[in-house]
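J.: Listed below are the residues making up each chain.
Protein chains: 2
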Amino acid sequence: MEKPNRNWASKREKKAQRLEKISNLLNGKYVETEKIVEVMEKLIAPGDKVVLEGDNQKQASFLSESLEKVDAEKVNDLHLIMSSISRPEHLNIFEKGIASKIDFSYAGAQSLRVAQMIEDGTMKLGDIHTYLELYGRLFIDLIPNVVLVAADKADKDGNLYTGFNTEETPTIIEAAAFKDGIVIVQVNEVVDSLPRIDIPSDWVDVVVKADQPYQLEALFTRDPQNITELQILMAMMAIKGIYAEHGVQSLNHGIGFNTAAIELLLSTYGESLGLKGKIAKNWVLNPHPTMIPAIESGWVESIHSFGGEVGMEKYIAARPDVFFVGKDGTMRSNRTLSQAAGQYAIDMFIGSTLQLDYEGNSSTVTKGRLSGFGGAPNMGHNPGGRRHSTPAWQSLRDNDDPLGKGQKLVVQMVETYGSNKKPVFVEELDALAVQKQAGLANAPVMIYSEDTTHIVTEEGIAYLYKAKTKEERQAAIAAIGGVTPLGMTSTKESLDRLRAAGIVKLPEDLGIKRSEAKRSLLAAQTIDDLIEWSDGLYEPPMKFRTWS
Amino acid sequence: MEKPNRNWASKREKKAQRLEKISNLLNGKYVETEKIVEVMEKLIAPGDKVVLEGDNQKQASFLSESLEKVDAEKVNDLHLIMSSISRPEHLNIFEKGIASKIDFSYAGAQSLRVAQMIEDGTMKLGDIHTYLELYGRLFIDLIPNVVLVAADKADKDGNLYTGFNTEETPTIIEAAAFKDGIVIVQVNEVVDSLPRIDIPSDWVDVVVKADQPYQLEALFTRDPQNITELQILMAMMAIKGIYAEHGVQSLNHGIGFNTAAIELLLSTYGESLGLKGKIAKNWVLNPHPTMIPAIESGWVESIHSFGGEVGMEKYIAARPDVFFVGKDGTMRSNRTLSQAAGQYAIDMFIGSTLQLDYEGNSSTVTKGRLSGFGGAPNMGHNPGGRRHSTPAWQSLRDNDDPLGKGQKLVVQMVETYGSNKKPVFVEELDALAVQKQAGLANAPVMIYSEDTTHIVTEEGIAYLYKAKTKEERQAAIAAIGGVTPLGMTSTKESLDRLRAAGIVKLPEDLGIKRSEAKRSLLAAQTIDDLIEWSDGLYEPPMKFRTWS
Chain U
1 MEKPNRNWAS KREKKAQRLE KISNLLNGKY VETEKIVEVM EKLIAPGDKV
51 VLEGDNQKQA SFLSESLEKV DAEKVNDLHL IMSSISRPEH LNIFEKGIAS
101 KIDFSYAGAQ SLRVAQMIED GTMKLGDIHT YLELYGRLFI DLIPNVVLVA
151 ADKADKDGNL YTGFNTEETP TIIEAAAFKD GIVIVQVNEV VDSLPRIDIP
201 SDWVDVVVKA DQPYQLEALF TRDPQNITEL QILMAMMAIK GIYAEHGVQS
251 LNHGIGFNTA AIELLLSTYG ESLGLKGKIA KNWVLNPHPT MIPAIESGWV
301 ESIHSFGGEV GMEKYIAARP DVFFVGKDGT MRSNRTLSQA AGQYAIDMFI
351 GSTLQLDYEG NSSTVTKGRL SGFGGAPNMG HNPGGRRHST PAWQSLRDND
401 DPLGKGQKLV VQMVETYGSN KKPVFVEELD ALAVQKQAGL ANAPVMIYSE
451 DTTHIVTEEG IAYLYKAKTK EERQAAIAAI GGVTPLGMTS TKESLDRLRA
501 AGIVKLPEDL GIKRSEAKRS LLAAQTIDDL IEWSDGLYEP PMKFRTWS
Chain Z
1 MEKPNRNWAS KREKKAQRLE KISNLLNGKY VETEKIVEVM EKLIAPGDKV
51 VLEGDNQKQA SFLSESLEKV DAEKVNDLHL IMSSISRPEH LNIFEKGIAS
101 KIDFSYAGAQ SLRVAQMIED GTMKLGDIHT YLELYGRLFI DLIPNVVLVA
151 ADKADKDGNL YTGFNTEETP TIIEAAAFKD GIVIVQVNEV VDSLPRIDIP
201 SDWVDVVVKA DQPYQLEALF TRDPQNITEL QILMAMMAIK GIYAEHGVQS
251 LNHGIGFNTA AIELLLSTYG ESLGLKGKIA KNWVLNPHPT MIPAIESGWV
301 ESIHSFGGEV GMEKYIAARP DVFFVGKDGT MRSNRTLSQA AGQYAIDMFI
351 GSTLQLDYEG NSSTVTKGRL SGFGGAPNMG HNPGGRRHST PAWQSLRDND
401 DPLGKGQKLV VQMVETYGSN KKPVFVEELD ALAVQKQAGL ANAPVMIYSE
451 DTTHIVTEEG IAYLYKAKTK EERQAAIAAI GGVTPLGMTS TKESLDRLRA
501 AGIVKLPEDL GIKRSEAKRS LLAAQTIDDL IEWSDGLYEP PMKFRTWS
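Chains U and Z, in that order, are what the protein sequence lines are.
So the first sequence is numbered by the numbering used here: it starts at 1 and just counts up by one.
So the second sequence is numbered by the numbering used here: it starts at 1 and just counts up by one.
A pair counts as met if it fits within one copy or between any two copies, since identical chains are not told apart.
Below are the BS3-like pairs computed for lysine-lysine, each with C-alpha atoms no more than 27 Å apart in a straight line:
| # | residue 1 | residue 2 |
| --- | --- | --- |
| 1 | 405 | 281 |
| 2 | 327 | 209 |
| 3 | 101 | 11 |
| 4 | 327 | 153 |
Because the hints were derived from the structure by calculation, they are not lab data.
All chains should be built: construct the whole structure from the sequences, respecting the hints.
T.: The following block contains the structure:
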């Protein structure tokens, strides 16, 4: 055997050399707040793969602002890996040449600028991912050289407390700490003794106290005041025609007002149908404030969360039977584990989208906006690896096939005309144009037709999983398409046939009168109602408060 | 709003009450070795959901032996949740009435007894899962009351070091520690100072020093001496016809001799084809000793591991550029993260099976044996949530569909007649009979036909993903079916047509001569060769050593 002479610890040596360069700036694991730019210039090398923590909620904002300030002569051509591109400086970093390539999951508020920068070549796109997929790559082909993350508190030794918003911090750190990457953590506070340790100091290289607390967004708060009676009608249909029909016990809800309406109808409309204890017991969900009435009314057995939600801290701490709460009394969330559970262990994913094509493929990527999808592709597909069975899952089994199995319920809930006054049903998804524009290998579809089992509109429910052919599928969507161009193609004969086959149900087929869909059915009609339900434990952020 | 008066910390109070019962037995978090049965009788209540750590490799053997000794009058009707049913007492616990229900992933050596006990009602089966699916349920509808896990070392405070075999310990503990479950840990050793902290003591309730170190199996060690020339032929075909053909860069290998042969051919046959640096660079894999020559020859960029492998400790510690190794110099494995990566972030899964039906569905569940599947359903399916693209994945794209996307390569590598002298291709999987026998909702299929993209036998390769119809698929399998009943149905015309269409390739189509498939091609022909390749760092367990 011929063996080349090789250094097998080259990454470790490089890391040691870089850390040596800041030895005069280190006090234990700590560096001074005002030295962080200098520290980054010495620890990050051109071309490095760098994970910058940007979750849905929590942002390593001090570190991202500092990264924007490094000298691009010293630090450039970085390959950034981010769950969520959310802050202006995330993109300024590219304009300054500090970074050149991005792999991400979600772009939200920055989606327009992301698309433009890719088109004009300022930013080279690696690819778009669902969260769990991006985390997986951190251990395979996107192993980071440096990670920049955020925690609530650290003790003198550098042990970390992440509190309610653990989110993806442990996963990112694990990918670096055990492959000779450098772990840099910003903390809000340095304390003598932590409430609990979320991440051991062994895993951490550098800790810096941020100049101000990390940015934290209340992304999952929906003000009940903005829920319309059309959304209430759709929610009633969903509860009766899907939750009750299939006996859905474990589930995830999307972020929109449609599902917020469902949350607020469980303890009123759901209760009147005698469904308590029969549906919607085990959740994988961020702590939505609109869940409070259902929790208080005893509907909810458990909620495991990806992250926290601003204002819900005290309420969660007081409800440990429901939420995942540590001995210290505060929640532990975990996006990786919650996504794994959301993929494999729940009966249903229900959410919303901006566009659906005539076959039922959906995308939130619309013209000029490369928004990505976050967790939807992971939770909104039928997981081919699933082997256990539940009544809801099994209710979708094709019994003609001896090797058949159940299917996850994946429900899209949309109004036929979106808030932009455009039809939600389009002949061709904008995703196809964006694919060309951004040079993507494949069209950025959020949820594929083959995975979509139900669509709910204000007109009715299409039980797509029952459709035998592509044509029948399209006819079913058209039948609930209202006065959109697709909807106008539906005939009375087609509708009658689909209703007879149970493929489409209208409100009257479900015994629901449109006139019953009133805001008075909501368990809470305002944020103040939610506060009252919570016994004053829920403390909404300023922007959601009313001052009467 | 009407709110019932409810105690929202009932689980916390129950936990405190139980811990109070052992307060006289506790010294800090420690209990004495000989008191563990008494401790379990006081901490575990009838009907509890209990996770007993049984990984592939590591077994919480002291705790499982102790659980068998509890008084079934006091502790009974438990719902056990286990990745792997591996030890006799795992089943004795059911015969004694201590446990009544099981949810699991893999049964291996105990598969016959598991099937019998389910049939005779001694054991009630929840369901069979792939690992990640079972972990997901720990946060949804199988939230544990008590977990019994194993670590290498603990310090006086109860911080844990899991060393090379971290496996699933952190995930199990997280599910209990943050939902007022009780965490009981057996350790091999109590030390003043740990090499590193894998799990903070905050997450742990009770630590006990085991009477002997936990059981650890070298499950992934394959002696090169047992690799046959037929397996070498198949390995050559796979390398040329699949790895090189599709440019497979990231992958997982199953546990068998077929894939061990591939590992041992990379630096010889693969090198002669000029494939170094082009294929098989990033792995999710346990530390297979048969990977040593490929690693030493510079083929391997990275390996992330589910668990460790006995005897590989020193070798891994000396190769931190390849393996995930902490600052302390020892590997950190993590089954949850490795399975997530294995699902979403690799080009190919390649493994073996006991039966394939004529459509390509496969199962390792055979008559009377309820073995489960471990990680295969997770890594061996085309993940519907995947959105990023790689050249290998993209090479399977259906270009006729504008919304088409790539596909994961899922390869089954089988000899047409198995070691039991029976045809591997069967008209009906035994899984269907076992389904009836065990009262399963669905047949226990390991990998479904729709996910299987290639089958390799000693006759050739069937590129199933290219088949347009079910009939063509079956014809392709028949064409490489040799002299099995299925193989005998193939005609020369069919074979010619399939070869012309590129759906089937024979060795000659790949430029491979059967006579070249010699054992001398293996980079290592014995365990001793592997030791030599490793510069003496690999220290195989006794049973694999030769004494000349």
